[in-house]
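K.L.:
Using the sequences and the hints, build the whole thing.
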Amino acid sequence: MTGKRRYEAVVIGSSAGGLNALKTLFMGLDSGFRLPLIIVQHISPDSDNYLIHILNDLRKLRVKEADEKEIPMPGVAYIAPPNYHLLVEPDHSFTLTVDERVNYARPSIDVLFETAAEAYRHKLVGIILTGANSDGSKGLKRIKELGGLVIVQDPDTAEVDSMPRAAILATAVDHLLPLDEIATLLNKLEDEKK
Amino acid sequence: MKRNQDEQLENQDIEIRLLIEAIFQKYGYDFRNYSQAHIKRRILNRFVLSGLKNISEMIHEALCNHKFVDQILMDLSITVTEMFRDPGFYKALREEILPILQTYPFIKIWHAGCSSGEEVYSMAIMLKEEGLYGKTQIYATDFNPLIIKQAKEGIYPMNRIKDFTLNYQKSGGKRAFSDYYTSNGESARLLESLKKNIVFATHNLVTDSVFAEVNLVVCRNVLIYFDRGLQDKVIGLFVDSLPGGGVLCLGSKENLQFSAHYAQFNPLIANEKIYIKKYPN
Ligand SMILES: C[S@@+](CC[C@H](N)C(=O)[O-])C[C@H]1O[C@@H](n2cnc3c(N)ncnc32)[C@H](O)[C@@H]1O
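In order, the protein sequence lines correspond to chains R and W.
With my numbering, letter number 190 in the first sequence gets 190, and the count goes up by one each step, no holes.
With my numbering, letter number 69 in the second sequence gets 69, and the count goes up by one each step, no holes.
Please keep in mind that the hints were generated in silico from the structure rather than gathered at the bench.
From the three backbone atoms N, C-alpha and C, an ideal C-beta is built for every residue, glycine too.
A hint or two may mislead.
Computed footprint of chain W on chain R, listed as stretches where at least three residues anywhere in the stretch have a Cβ under 8 Å from a Cβ of chain W [stated by the list, open to error]:
1) 21 to 32
2) 69 to 80
3) 118 to 125
Just a few of them, taken from the derived set where beta-carbon distance is under 10 Å, the chain R residues facing chain W [as the list claims (entries may be wrong)]:
4) 65
5) 83
6) 111
7) 155
8) 159
P.N.:
Given below as structure tokens:
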């Protein structure tokens, strides 16, 4: 068997409380972490995406805003720009759109998750973190349907628990874990071979 | 089980491609090189609302029922827009670009993909405030005739005016925004005097050609929906419409950097995606 990785990308959705959750998650990742992370954090439309600087300062992964047509690279984390939806194309390149809000959000987690699910099928990991709405639960369900791995932050450990709870109601999740254990799991997935 | 699902997805993708092909053959609207993930989301949304049994049934419906195809056209148009969207961009236009245009005896501007007109009227207001409107001709085009009709009317629901006003102020607006419309409580009608030098027309960036030489092209949040090849083709139209020194404005997440035509331009205000066409050597 060649050492091809079972998983090719990780999508993460977070909302209220997301900044701290993402920081904790990043701190737990091994420094050589290779899977691309594609992240939608709900953020105000005119934000300067300060999240990118904060996560970059942790010096774990290279963190950047997702550019249109960019192809995700190993070991890089991509953040959806404020006021745009982020979609993944069949060739894995990013599309940004200014379509209407979905679940009152732009970027919307469902839009990222549903398109990434189809692009990566069973090679995708989807993670829902803290948040005060239910964006992402449809998308997480789709990831599961297409054979991907779905992880939800244990609601009892989330700063705001409605988003993880909505996700659990929508899908039979594979793992329900606190943030540090999600990081440990991701580090292990890295090594998992086909 | 998984194989079954992969096959279903494959079939659906084929059906969507056939629907897009049917719309092209029958009506001439060419979505074949738009972002696939985007087209698929929009078509599947319409499919769910339609109550039809499968996408193939949508093909027949689109061929026979013109109302239905109008709806699909709207779905694929994405007409979301605002007045003074991205105020920083309009501030840069006002402070850096209009002073350049001011030196010309006559100014021609093309808004490509203008949607319901908000962007065009924002430009008209700025030109008025800078004393340039009188010597300006604006061409405002979009491929969707229904949306061009709305653009011509220039009537917007009152509940959007608050955001427009805020954007206007942030962009460096010099007056009270309410000077520019009359309201009946429900909707705001922009002043007729703003429309005087604007020609609204349908024009398809994918299938139509250049129609005038202009000093400034504004095409924002349209190219993001196109694949790389189509982006290049459309930027080629802009290259042909602009003389040396002409200005091209793209949306804040659009970039010339990877285009085949990049060598023809210099960035003028890079973070606002404002480019100037080089003079021929
Ligand atoms: C998201 S809106 C952008 C509106 C405005 N420029 C702005 O930035 O606010 C995109 C517009 O592009 C138009 N469009 C899409 N494809 C087009 C084409 N092939 N030719 C001309 N217009 C097109 C759509 O109808 C829609 O009104």
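K.L.:
Evaluate each hint against the coordinates.
P.N.:
So, going through the hints one by one against the coordinates:
1. 21 to 32: violated (count 0)
2. 69 to 80: violated (count 1)
3. 118 to 125: Per the Cβ count (4), the hint holds.
4. 65: This interface hint holds because 9 Å falls under the 10 Å limit.
5. 83: holds (9 Å)
6. 111: holds (7 Å)
7. 155: violated (29 Å)
8. 159: With a minimum Cβ separation of about 30 Å from chain W (threshold 10 Å), the hint on residue 159 of chain R is violated.
Of the numbered hints stated above, those contradicted by the structure are hints 1, 2, 7 and 8, listed in ascending order.
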